[in-house]
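Visitor: Chains as they are written, first to last, in the working numbering: chain A, 1 to 218; chain B, 1 to 138; chain C, 1 to 366.
Source of the hints: derived by calculation from the structure; they are not laboratory data. Hints are supplied without guarantee of correctness; some may be wrong.
As the list claims (entries may be wrong) - Now the stretches of chain B that chain C is said to cover, found in silico as 3 or more residues with beta-carbon under 8 Å:
hint: 1; stretch: 35 to 46
hint: 2; stretch: 71 to 77
hint: 3; stretch: 90 to 97
hint: 4; stretch: 114 to 126
The beta-carbon is built from N, C-alpha and C at its ideal position, and this holds for glycine as well.
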Amino acid sequence: MTLLEFARGPALQWAAVIFVIGMLWRTLGLLLMLRSRPLSKDRKKGLAGAGVKTMFSRFLLPKVFAKRVGFQYLLGWIWHVGFVLTVFFFQVHVMFFKGLVGFGWPALPNSVVLPVAAVSLGILVILLVRRMTNPMLRYISNFNDYSSVIVTILPFATGFATFTHIGVLPYETLLALHFLSVALLLVWFPFSKLFHVITVLPSRYILGVKFWRRGVEA
Amino acid sequence: MTDLTLKDFMPKPETGNVILLLNEIRHALRHLAETGEPTTIDLSGIPMTKAETEEFEAALGTGEVHAEIDAGGPSEVIETSFAGVWRVIHRASEEMTLARYIEVTRIPEILVAHPSDMRAALTRLEARLELSSEEEAL
Amino acid sequence: MTKTDLTLGDRLQARGVSRRAFLKYCATTASLLALPPTMVPHIANALESQRRPSVIWLSFQECTGCSESILRSNTPSIESMIFETISLDYHHTIMAASGHQAEEARKIAMEENWGNYLVIVDGSVPTGNMGYSTTAGESNIDTLKHVAEGAAAIVCMGTCSAFGGIPYANPNPTDAVAVSDVIKDKPIVNVPGCPPIPAVMTSVLAHYLAFGELPELDHLNRPKVFYGQNIHDRCYRRPFYERGQFAESFDDEGAKKGWCLYKLGCKGPTTYNACAVLKWNEGTSFPIEAGHGCLGCSEPNFWDAGSFYNPLSTATHLDAGTVALAGAVGVGVGAAAGAAARSQQKKIKAAPAKAFTPTKAEEESQ
Chain A
1 MTLLEFARGP ALQWAAVIFV IGMLWRTLGL LLMLRSRPLS KDRKKGLAGA GVKTMFSRFL
61 LPKVFAKRVG FQYLLGWIWH VGFVLTVFFF QVHVMFFKGL VGFGWPALPN SVVLPVAAVS
121 LGILVILLVR RMTNPMLRYI SNFNDYSSVI VTILPFATGF ATFTHIGVLP YETLLALHFL
181 SVALLLVWFP FSKLFHVITV LPSRYILGVK FWRRGVEA
Chain B
1 MTDLTLKDFM PKPETGNVIL LLNEIRHALR HLAETGEPTT IDLSGIPMTK AETEEFEAAL
61 GTGEVHAEID AGGPSEVIET SFAGVWRVIH RASEEMTLAR YIEVTRIPEI LVAHPSDMRA
121 ALTRLEARLE LSSEEEAL
Chain C
1 MTKTDLTLGD RLQARGVSRR AFLKYCATTA SLLALPPTMV PHIANALESQ RRPSVIWLSF
61 QECTGCSESI LRSNTPSIES MIFETISLDY HHTIMAASGH QAEEARKIAM EENWGNYLVI
121 VDGSVPTGNM GYSTTAGESN IDTLKHVAEG AAAIVCMGTC SAFGGIPYAN PNPTDAVAVS
181 DVIKDKPIVN VPGCPPIPAV MTSVLAHYLA FGELPELDHL NRPKVFYGQN IHDRCYRRPF
241 YERGQFAESF DDEGAKKGWC LYKLGCKGPT TYNACAVLKW NEGTSFPIEA GHGCLGCSEP
301 NFWDAGSFYN PLSTATHLDA GTVALAGAVG VGVGAAAGAA ARSQQKKIKA APAKAFTPTK
361 AEEESQ
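For reference, chain A alone in the conformation it holds in the complex:
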């Protein structure tokens, strides 16, 4: 079995199985846990609506912090949009999903996706360097943060190398490395901070409800 056969076959298969099991395991496990009942009296009615408001209000940059976190907000937004466009709307990736689920969807032309992917990759690298050099960020970062960023960078870097045939490695090796880096991402995803894809909105909701109950307009 060649590296590419392994990558396209068993590696991706097992990674996807681990990904699906891991995601459902953690999601259900967290959902089913008992929540403690608040002992104090609510200061506001209609807390559920307030929680939902918090879920979405935090997508926007709060004015008071604009100067301080504006850069990070902007890069974060561009990165996430770029990630979705690259993963789900690159021609070759649409083919992958079509092979998996049996139907495809319109893809963006390469002339759009490639610059988007390049910018996304650039932003990830900038954010990683910033995390390593900014003293405050460095203090609050641990293995989970660094590893998650690096594991996300790898598919982008190998994908670029595969498409452009850059580097000394032959195409099939690059393609295999790309598949393997995706497999690594899939395996790492449910058990790391990348799991925020699932938890980000519920935790904002819970936080919002907690704040609003106490009269904090969050």
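Could you slot chains B and C onto chain A? The hints should help.
Guide: Here is chains B and C on its own, set in the frame of chain A:
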């Protein structure tokens, strides 16, 4: 998406090999003129676009000699407008080109009659004459 | 002077092949092998003085397509000249002798040229029940071992002898293997393809005859000069790939405009062969030019590398069913984890509250 056909993509960007090749031929020709030593350049190893190939052939032009050889398929020997610089094209059939060479020499080896062929020819000719003199005697 | 004492030059002369035709053959071979033009006289001299080395062609589990390819290369061909160079002493399909006489011819050739003859193999070698493939009552593997012993080198013509090919494909009922799995102590050159390009086969032989050694090989023992680049890199449809213009089906607008066949499963990017350069049928075209993606026939395991019509960017073992199954397991594991967490939480809640007692370390720090 715009309507693009194959032709829009061929020729590809230039390789820039035409000028390099012409310079190489210049050196080879000087070498031939000064020492009498020939040089052969295999064109199959030198990537050129279709347009560049045409440009290259136009730059060389055609000279006084144009020979066709029928040996294991049609081959062609063309003297360029520069004396001593020849284009040699080997084909298996009209459509299938096997090899393309630039030969910088007094006369390409493929044109010269070879001793072994001449000996065989001599045998044939002698046999023919013997036969006709026998016929005459009858 | 016996038959084998004649040099190639003498033989060509006798056949009325002119010196010019021979020189043309040498020049073409040099060009194909990417050798400098200064080597042409060397090739000519070496071939001319060749005293017809004995070649034994063994056919095992094969379809004779490789023989067809090499024998039917454009006649009267420049390539067929190679047969003037060698003494093909044994070849099932084309030899005049049959039965015991054929086997006798092989025996004599081996005895007379022990240690010097060249063995060409097409077809894979079955290692299961010996009855799967035999010649004159001898199993293929025994024939191979026996004949290879006195060989100077072995040339594996075609994917079957080089990598196992179609007989080796899952479920491999005959336990077929490649020649290199059986023979370990002889130089082996693999010339894969289903079939290989005729000019590639003959050029490899010409190189061996002219230089007395095999051409430079890659990690799969393939001659680098022909298998050094993949189809994709030399494909005239490559610009469409770069621009993301793909044919979606074999009869859509994209297919008519000659767009890239990647989406239709073309294996060009992972296939190393010279088809895009040398082409087929006397230089007429190659599969992609005819409108069908590359199958990757010269690569190991090409038959089992997923569907010919699935793009390279798809997974081979992953499908919706697997994902659904994983989903069901995930729900089960999640529910169990949730239930375990709940019971743990309840246990903690039910336990009587303990007064806070600082640990030793906490006491010290205060």
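Visitor: When the hints from earlier in the document are held up against this structure, which numbers fail?
Guide: Per hint list: zero violations.
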